[in-house]
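Chemist: For reference, the chains in residue letters:
4 protein chains.
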Amino acid sequence: MIHFESDYLEGAHENILKRMQESNLMQTCGYGMDEICESARKRIQKAIGNSKADVHFLVGGTQTNLIVIDAILRPYQGVISAESGHINVHETGAVEACGHKVISLKSEDGTISGNQVKEVMENHLHDSNKEHTVQPAMVYISFPTENGTLYSKKQLKDLYQVCTHYHLPLFIDGARLGYGLMSEKNDITLKELSKLCDVFYIGGTKVGALFGEAVVITKDALKKDFRYMIKQRGGMLAKGRMLGIQFDELFKDDLYFKISKHAIEMAMQIKQACIEASIPFAYESFTNQQFLLLSDTQYKKLSSKFVVSDFGKKNDMNIIRICTSWATTQNNTDALIEMLKTI
Amino acid sequence: MIHFESDYLEGAHENILKRMQESNLMQTCGYGMDEICESARKRIQKAIGNSKADVHFLVGGTQTNLIVIDAILRPYQGVISAESGHINVHETGAVEACGHKVISLKSEDGTISGNQVKEVMENHLHDSNKEHTVQPAMVYISFPTENGTLYSKKQLKDLYQVCTHYHLPLFIDGARLGYGLMSEKNDITLKELSKLCDVFYIGGTKVGALFGEAVVITKDALKKDFRYMIKQRGGMLAKGRMLGIQFDELFKDDLYFKISKHAIEMAMQIKQACIEASIPFAYESFTNQQFLLLSDTQYKKLSSKFVVSDFGKKNDMNIIRICTSWATTQNNTDALIEMLKTI
Amino acid sequence: MIHFESDYLEGAHENILKRMQESNLMQTCGYGMDEICESARKRIQKAIGNSKADVHFLVGGTQTNLIVIDAILRPYQGVISAESGHINVHETGAVEACGHKVISLKSEDGTISGNQVKEVMENHLHDSNKEHTVQPAMVYISFPTENGTLYSKKQLKDLYQVCTHYHLPLFIDGARLGYGLMSEKNDITLKELSKLCDVFYIGGTKVGALFGEAVVITKDALKKDFRYMIKQRGGMLAKGRMLGIQFDELFKDDLYFKISKHAIEMAMQIKQACIEASIPFAYESFTNQQFLLLSDTQYKKLSSKFVVSDFGKKNDMNIIRICTSWATTQNNTDALIEMLKTI
Amino acid sequence: MIHFESDYLEGAHENILKRMQESNLMQTCGYGMDEICESARKRIQKAIGNSKADVHFLVGGTQTNLIVIDAILRPYQGVISAESGHINVHETGAVEACGHKVISLKSEDGTISGNQVKEVMENHLHDSNKEHTVQPAMVYISFPTENGTLYSKKQLKDLYQVCTHYHLPLFIDGARLGYGLMSEKNDITLKELSKLCDVFYIGGTKVGALFGEAVVITKDALKKDFRYMIKQRGGMLAKGRMLGIQFDELFKDDLYFKISKHAIEMAMQIKQACIEASIPFAYESFTNQQFLLLSDTQYKKLSSKFVVSDFGKKNDMNIIRICTSWATTQNNTDALIEMLKTI
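Chains as they are written, first to last, in my numbering: chain D, 1 to 343; chain R, 1 to 343; chain S, 1 to 343; chain X, 1 to 343.
Chain D on its own, in the form it takes in the complex:
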């Protein structure tokens, strides 16, 4: 069986393993205060062109989301998210477990607009009993979204403008950031994205690392005491340099972007094959996740040789997710394309 069900099937890029091997018996202090983490921080600050940004390394996405959100909100405040947002669906209520409501907004493709946020804020501000409702106090989006879709620079600017107007910190979940940035349809650079939000994270787990997400805090007001939050929520890795090693390698010689680009190329080949085979899509994605609509027969046939993800039904068709990653081989992609031609 060949696996396309997720983008965390394999281990890590060879450079990372090599660096771990080389540095294995080094003695360093713990908790992310070592020189390797420091070097990784500097590379990321350089990549976003902001030497004042705080950079923290966490282990996983859910952990990162709950810590960032819990660090920002006061007890009676909630976070605005698309109803399809990862924090609203696939984190077992991690945000609620920290005491906060996820205020979910309708979304066709996984994105939300500045106007939707504006409407939420205006309704709240004009509610004469506003203290009886959760106070919307920050905005969460994912780039790319859970559906593989992207915000255009214009959409993101509009959203951030509204957030700024209402003093809502904007947090971008970049679990798949590289796959968004390297999409042929994307018109935003990492530098620009870092200036169109207050805090975001660069996903490592799905983009070449064994694990790890790099939180980048650009807004000064959000920087204070963040390490206390990490420690309290169990996110502070004792051998923190393992995280430093991974991001130091990923941000050396643009490795992060190169391997992301490869995943996109594989995905676009698959997308093209679907178009040629007249296989419809559930969402119009130009990133590494493709959502195909397959009949039961097609799904069954595909599953005979490939492992994919089942995302439920749309009408009577099955929503099937196919993921590529930094590790996807041309051979496996070719094999999948062959199959797609015949179903």
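Hints were generated in silico from the structure; no laboratory data involved. One should not assume that every hint holds.
Each pair may be met inside one copy or between any two copies, as identical chains are not told apart.
[Claimed, not checked] Pairs of lysine-lysine, DSSO-like flavour, derived with a Cα cap of 30 Å:
#  : residue 1 : residue 2
1  : Lys154    : Lys106
2  : Lys313    : Lys106
3  : Lys258    : Lys341
4  : Lys130    : Lys223
5  : Lys157    : Lys130
6  : Lys153    : Lys300
7  : Lys130    : Lys314
8  : Lys42     : Lys52
9  : Lys258    : Lys301
10 : Lys301    : Lys252
Please read all numbers here as calculations on a predicted model, not as lab measurements.
Take the given structure of chain D and dock chains R, S and X to it, following the hints.
Modeler: Same frame as chain D, now just chains R, S and X:
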């Protein structure tokens, strides 16, 4: 100005004040363990025909909802509710503040069906990554609903049957229970309702008391250590007998039902007047809350003499809530009806 | 049996019941925004000589403590308290349930000193791994303490100076404030106390009211959005005017102070009787709570006619709490004194 | 500089890196459901002689402690721990952040006794107002303790007997389990330890792994839905096999025990050197952590060549922690011993 904006505008029924006066200098122990609370408990157990039910007296609705729900759920579990449910909209995220997600279901009129709950459970149970999502673990409904609508005995039986099948405790918010039970359209008795759920509360604040809700726990598994929960969440009144006095009076000689019936009569007179004046309704309510659809002009005119509640817009009409209560006078009702005839 | 086990045995001062009676059928808006609450707020602002202070009315002490503390702290912060502090012992972990550690300090008599707080802060600030420990971020004291003891003006000034130096808000639990202020040993006025902390509350439940605590916030930084906190934690009373009525009466013509003084007079008579009968005390209290050390025989004899509170053992003696209150009669006091003479 | 300040200075045992290298491009499903995790689980079940135990792999110690404790307790319950327990001191209030009080017990050496737990329980059960206090509901101990001390088999049996009598689950924090089990003074086997508690964890981070703790749940009542807890608290690693690889290697050919034994040998050489140099100890430790009492001069001299941990003062002496680990070399140990001879 005459007030119809809520059902907690006045103080308490005279019998309650009289009893407070008489018993004022009695010395009793605190925290609800006194003889007056004991007497009130017995009256409620008698009224529901279940001497084994646990009865606890709390101060207010939000407090009651959060304590009951927090007492039942484990950290990763959530409560199913109509999206219009009070816990989902008007309690400032009190349930989330206890760590739990409110799993909201679409609802036209404020009720949810057994089939909707069944669908939630089946989707969860068949999710291969179910531990990535909040586990639905109890059901919350209000009777009557926030829109003044009611569950028929058949609807409630169907819902409870589904809950029982999936081992979901069913919790009924009875903040306005009297006004539901005494509605001409209601076909459920208090005794029956107490057998069609696992825990519910009898609202006092809106039905003749100064404050107070009586939680009735019929399911043994939910009884353990409930007083610890009350105390921890700040719900244990030092002079607990004040709550006992109110429910002892309300359940003496069916006072609770008599005063509820009065509120319904006033509401039905108003409803009739609306029908005759061809004023449409936002919801088809036969309880003490009536939701009128008024044009801006009508709303303005009404507001010249009456205080009502604004529940937003439906298309271009204003949703106006008019509440009656145990304390609503025939005079005020007549005055309102006169006005309704002319707008 | 005559009861001396607590200071919340009876109902409320007659003026309060009278006012409830008179105003019972008034129609007012809810949630503490009515004119009676407004009048009560003004009386309290006048009593402390600060028209800018925010005044909120809550139902009970545990509720008040958890809401004030939760409103002030960020998730990784804790509150400093004497180990005997009410929040640390008798609130079922209400503060922890909001996510915060109570950092407890040793205390002989229930008070803590500025030097103790200074030591905690210096240890934390000089800890190279400080983010691995809870950040001390506010100080909680009770006046009088749970042991009936008091802070002198000098002690409170020293403590507040340290708090100010380390930017620690100081919160004073005044559940029995009146009984502290009217003690013959007290040298602090209400006005002065209000200036030697950032937030405090005036206890009503134990001092003449049916229930109710008035939170007074003097520090601007702590005022924002407090009503959201009250609502979320279930502390917002629908018929809020009931709280307004009680504090409006208590702060009319110094009633609060007069009835507190009466309780102290009764307590001092009892204290004098103990001294004459050579009955030792567990704590040197000049407030309404007296802690006697009685042998088993003495305790047994006392209990034949009087209900008192058992506070455990000190060596082989029983710590017995006797409370007076605004409602304690001279007759009951005389009867108790007679008994104390003979045991 | 040579480092002895902690036992997580280096990377991982070479076998682990080798296995990561070999398996790097394997495609496996995520979240710990892969075949490598399955193999590691079986090895651990074999090592404890219990094929029915649930084994879960988490990333770090604080995360493990908070998830296990939060999974066991109901909202109003607390966990009993030595005041020096890691959860009470060095986890930034992680347990409180989940809503639970740590009920701390005095301890000279870091251990607590069955009698201490019995006293807590008896006091609580005989408290007539018990619902006003946190309900003690589980016991947390560390083996070895934070001070390097151990429980004898007799002590642990006594403690567990008391826990069983009061229905208190006993949780053993085994962050340094290997270093305890291989101590010459230890008389408990892993098999025996697994039967003298209800849940425990095998520390990997400090004993040869890059990171990772293996939670072993032997009590059936504690097994349900544990994976929901892991996910909600951000402890579920996407590429879960990384954890499987580490424990599969550590429990192959007793590697875990062999490398632990090495650390103990290095520590005992250092301990012997201290004795010969008449350097006193703060605690009588026979595990990999040694707590020396050094004068300022001695401390200064030691620090010229070695990095150690400062654990504060005992009288006028400095408490200095020296840690060995699986990675400590004989050369570094010899160098340290040389130094100890001369100071």
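Chemist: Against this structure, judge whether each hint is valid.
Modeler: Tested hints:
no., hint, in the structure
1, Lys154 x Lys106, "within (20 Å within a copy, 33 Å between copies)"
2, Lys313 x Lys106, "both (18 Å within a copy, 19 Å between copies)"
3, Lys258 x Lys341, "within (29 Å within a copy, 55 Å between copies)"
4, Lys130 x Lys223, "both (29 Å within a copy, 16 Å between copies)"
5, Lys157 x Lys130, "within (28 Å within a copy, 36 Å between copies)"
6, Lys153 x Lys300, "neither (39 Å within a copy, 45 Å between copies)"
7, Lys130 x Lys314, "between (38 Å within a copy, 20 Å between copies)"
8, Lys42 x Lys52, "within (10 Å within a copy, 48 Å between copies)"
9, Lys258 x Lys301, "neither (33 Å within a copy, 50 Å between copies)"
10, Lys301 x Lys252, "neither (42 Å within a copy, 40 Å between copies)"
This entry does not satisfy hints 6, 9, 10, going by the numbered hints stated previously.
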